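Enquirer: So you can see what is in the structure, the chains are spelled out below.
There are 2 protein chains.
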Amino acid sequence: MNIRFDRVERAQQLMREQGWLGIMVMNHDDYRYFFGADRSQPRAIIPFEGPPVLVAFAGEEPELRDATAGAPIRVFTHVGGQIQDVVMAFRDLMKSRGGPPPGAKPRVGMQMWFETPAFLVDLFRRVNPALELVPSDPVMDRLRMVKEPEEIALLERAQSIAALGMDRVREMLAPGASPHEIATEALYAMMKAGAERTSTPIYVNAGRDTCWLHGRISAGPIREGDLVLVDLTPQFEGYCANLARTFVVGRPDGEQQRLLDAYAEMREASRDRLRPGTKVADIDARGLEVCASHGLGEAHVDGISHGIGLRFEETPASTIVKPHRNVALLEGMTVTVGHTILALPGLGGVRHEDIYEVTPNGGRILVPYPVDPVVGR
Amino acid sequence: MNIRFDRVERAQQLMREQGWLGIMVMNHDDYRYFFGADRSQPRAIIPFEGPPVLVAFAGEEPELRDATAGAPIRVFTHVGGQIQDVVMAFRDLMKSRGGPPPGAKPRVGMQMWFETPAFLVDLFRRVNPALELVPSDPVMDRLRMVKEPEEIALLERAQSIAALGMDRVREMLAPGASPHEIATEALYAMMKAGAERTSTPIYVNAGRDTCWLHGRISAGPIREGDLVLVDLTPQFEGYCANLARTFVVGRPDGEQQRLLDAYAEMREASRDRLRPGTKVADIDARGLEVCASHGLGEAHVDGISHGIGLRFEETPASTIVKPHRNVALLEGMTVTVGHTILALPGLGGVRHEDIYEVTPNGGRILVPYPVDPVVGR
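Protein sequence lines correspond, in order, to chains H and A. For our numbering, count along the first sequence from 1 and bump the result up by 1. For our numbering, count along the second sequence from 1 and bump the result up by 1.
Hints may be right or wrong, so weigh each one.
[Said to hold, decoys possible] Label-pair restraints from in silico Cβ distances:
1) 88(H) <-> 130(A): 25 to 35 Å
2) 220(H) <-> 151(A): 11 to 21 Å
3) 215(A) <-> 50(H): 23 to 33 Å
4) 224(H) <-> 151(A): 22 to 32 Å
[What the hints assert, rightly or not] Partial pick of chain A residues on the chain H-facing surface, computed with a CB cut under 7 Å:
5) 20
6) 217
7) 346
The set of hints was computed from the structure by calculation and includes no laboratory data. Since the structure is predicted, the reported quantities are computational estimates derived from the model, not experimental observations. The C-beta atom is built at its ideal place from N, Cα and C for all residues, glycine as well.
Using the sequences and the hints given, assemble the complete structure.
Expert: Listed below in structure tokens is the structure:
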């Protein structure tokens with residue numbers, strides 16, 4: 002545990018600008034960001050001023066007291082106690098600000114992404130009727146979109162682990178190989194290299210399953226001539242890797258080669274546009290042009306790039322939040338290129354995904370990994 | 002893919018009793034339950050009558066057409082298309098029922114557990130203002146709480162895989178062993194045995210970290226005399242295992258032995274109460290008595306038992322939904338015993354968790370696994 006008071010203070014400055022009472026942290030990524038550690042049930046409050054408030058189970062108190070050097074801790078001992086603690090902490094906070102403001106309810110920010118369950122948000126609203134709950138993005142994006150150098154180093158480490166997993170995949174790809182065995186061995190290689198877990202299940206999609214927008218582990222054995230799409234997402238100290246490659250087991254046919262060629266060209270065009278000021282919509286528009294020039298305009302899907310860091314998909318994430326299409330890239334952001342599948346329904350699809358840092362000269366790939374699709378011959 | 006029309010029809014019967022328009026499926030477990038397969042983005046509508054409607058990406062259409070033998074499929078091709086499809090499907094459904102009913106809005110059920118993100122629920126409400134969204138539990142619990150024999154067989158298979166993982170853990174436990182290496186090897190053993198993934202990250206908590214209400218992978222090496230708590234949650238065909246054991250590396254001291262003895266007695270008392278009609282609150286009350294008789298009443302935490310099946314925690318899940326404390330067990334339910342940690346803050350905690358089938362004679366353990374805590378001497 003390592004409370005990052007510098008980050009807390011920057012969040013508080015932004016909260017005061019927005020007039021917020023605090024941020025309720027219930028997600029692994031924000032918890033890691035502020036406290037340099039994770040818990041299975043991350044719960045904390047970042048108030049508009051003063052030290053953060055940790056909410057933890059009684060059994061964890063001695064450890065937290067040692068680790069936090071005096072930060073306030075709300076300790077619960079029974080079902081419901083945790084909720085009670087949060088309500089009381091916000092009441093105290095309101096009092097410390099001299100009671101509720103006249104007119105509007107005081108605002109509290111909370112992350113509203115895939116990890117925030119609807120029933121917890123409903124519960125929070127029900128037990129805190131005096132508060133207005135809003136998405137925490139306006140504060141947290143300002144803090145987290147542009148990465149600190151140490152964050153980029155951790156992303157590189159995570160992506161290097163993904164590269165080791167992909168090496169293992171390449172060794173195993175051959176006619177008759179089992180997608181489940183490939184996923185098993187890749188996961189083992191990445192865990193041995195230090196991965197804590199993966200952000201998503203490993204995808205090893207073979208044959209027609211490469212058309213899936215996202216993935217799974219295909220059922221049958223890999224056949225000669227199959228496209229095989231592998232997506233690896235190990236985490237290291239909470240930072241998320243994302244490395245996807247598509248392989249042809251044997252000799253690519255004409256359609257497969259067309260998909261591979263178009264994707265390679267779209268990837269390079271996108272990488273070149275990862276400069277401050279570019280919008281994701283601009284990158285997608287250029288991608289559509291490239292695909293159309295290969296006769297694949299109908300197969301193009303928007304959303305080739307998304308932010309990545311402590312969250313697997315973070316701002317800009319235009320396939321989750323449509324207005325993010327218009328977020329302008331900033332120097333020092335980390336984004337993927339290759340999120341989109343390019344698929345011919347019933348035949349197969351291609352995706353090559355890597356992480357880049359946005360620079361004035363275009364994207365700098367964090368960990369170069371070959372695009373070398375023909376294997377197993 | 003294997004559409005379970007029998008289950009769809011039972012859901013429709015219950016929906017008509019409740020006056021619902023349909024159920025929006027957005028979760029892996031309900032999707033598996035109805036369609037016998039999973040997707041990375043499960044999206045379907047079970048209407049109050051007629052065949053289910055699958056919502057899928059264009060690239061997946063040929064595969065789905067082959068697999069579903071004519072069920073309606075709504076195919077989206079771009080960002081936002083998916084949302085549009087859902088809205089249109091519900092409008093058509095309302096029309097097929099002769100327009101909206103007078104007075105109240107037509108109700109649509111949706112699962113509201115950990116996997117249902119708050120922002121998707123907000124989005125659904127915003128784009129479907131003519132509908133009232135309610136938790137789908139009143140229908141889905143009636144279908145899923147009592148397990149079919151084939152479901153119990155799949156749970157046994159999953160739990161057997163967890164047992165193989167725990168065997169591997171036992172082999173490795175010794176002073177100096179790395180919790181991360183233990184987690185890596187256990188996961189590898191379980192994947193090789195057919196696990197698709199785990200429901201939660203593997204927990205290998207050592208020393209004081211065994212006090213955590215839930216877990217993580219402890220940082221340091223295991224030391225002589227440490228308590229080590231391991232929780233394994235592999236999935237097989239979507240069915241969730243849950244096997245937890247606590248070990249002492251070396252000779253247990255007096256406090257450790259007291260925790261182990263109390264937990265063993267609480268476990269047996271709980272297992273004995275897994276009969277039709279018992280409430281989780283009754284089991285917890287007896288657990289408190291047992292702990293108090295060992296001088297550990299203060300350390301007792303409610304919530305020793307939860308339902309398990311295609312979801313890792315399903316009804317009754319009293320630590321998530323407090324009113325579930327009063328759900329009466331039914332013959333054929335599958336529940337865990339051992340969800341609760343029994344911890345002395347700063348010293349250590351114990352948990353032994355298994356899955357049982359509720360029978361008139363008390364819980365039948367699905368896969369017996371020894372409680373044999375002393376290792377590595």
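Enquirer: Compare the structure with the hints numbered earlier in the document and write down the numbers of the violated ones, lowest to highest.
Expert: 5
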